[in-house]
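With the UniProt record's numbering, letter number 85 in the sequence shown gets 85, and the count goes up by one each step, no holes.
Calculated directly from the structure, the hints in this document are not laboratory data.
Remember, it's a predicted structure, so these values are computed and weren't measured experimentally.
Please note that a few of the clues may not be correct.
[Unchecked claim] Derived lysine-lysine pairs resembling DSSO-like cross-links, with alpha carbons at most 30 Å apart:
1) 77 / 198
2) 6 / 198
3) 7 / 198
4) 6 / 69
5) 7 / 69
6) 6 / 77
7) 198 / 69
8) 77 / 7
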Amino acid sequence: MINWLKKHWEVISYLIFGVLTTLLNIVLYALFNRLFGYTAANSWGNVLDNILCILFAYATNRAFVFRSKTRGRAMAKEFGAFVTCRLGTMLLDTAIMLVLGNLLAAQGAALMDELMQGVLSVVAHWLGPDTAIQMAASYAGTPAGVTDGSAAIAIIGGADGPTAIFVTSRYNAQVLWGLAVKVFSNVLVIVLNYVFSKLIIFKKK
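Using the sequences and the hints given, assemble the complete structure.
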């Protein structure tokens, strides 16, 4: 087991710190979303988010994953190559967030609503309508959100119980869609960054 860990430590440690970088990315995204709004979080907030994560990723990749020992000009060249490659994947992430997160926000929110309705319908079928209603109420938000028309719950049923549960909450659905897009983008970026780091930045001489 120990020998296996040593043999695959580079990949394992990269995944560990890749997950930590992704969590930092998502936490910052959620924070910017809360502070500056959905559109800002997907545009300039996403760029700032990526810059902070690039610095974190370089420090952890250099010290714990590839264990680089470069100094002086060699280190500066290494950092330049790292930033250049990460800027490339940052542009990819930015494009994904702008297109899927912003331009397709309405369609994404509708998709998340349909997904939630499907989940609650399954819950209603297997666990009973009371449990489904509780989940629907939790998803829709506070009672204030329901009274202002931004969230609503409707149940259509018959003698055999509810056949459909509809939950509409534009804000919540949009946030869920944005987070889903962010996670998808980060998975793609992690894979590309490992390839760049292994073959270009921290390659063995």
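Hints, verified against the model:
For a cut-off of 30 Å, the pair hint linking residue 77 to residue 198 stands: about 15 Å separates their Cα positions. Only pairs whose Cα atoms come within 30 Å are accepted, and residue 6 paired with residue 198 is accepted, the gap being roughly 17 Å. This hinted pair checks out: residue 7 and residue 198 have alpha carbons roughly 15 Å apart, not beyond 30 Å. Restraint check for residue 6 and residue 69: the C-alpha separation of about 19 Å stays at or below 30 Å, so the hint holds.
Pair hint residue 7 plus residue 69 holds up; C-alpha atoms about 20 Å apart against a cutoff of 30 Å. For the hint linking residue 6 to residue 77, the alpha-carbon distance of about 28 Å falls within 30 Å, and the restraint holds. Simply put, residue 198 and residue 69 have alpha-carbon atoms about 15 Å apart, close enough for the 30 Å limit, and the pair holds. About 28 Å separates the Cα atoms of residue 77 and residue 7, which keeps this hinted pair within 30 Å; it holds.
Comparing the model with each numbered hint stated earlier shows that all of them hold.
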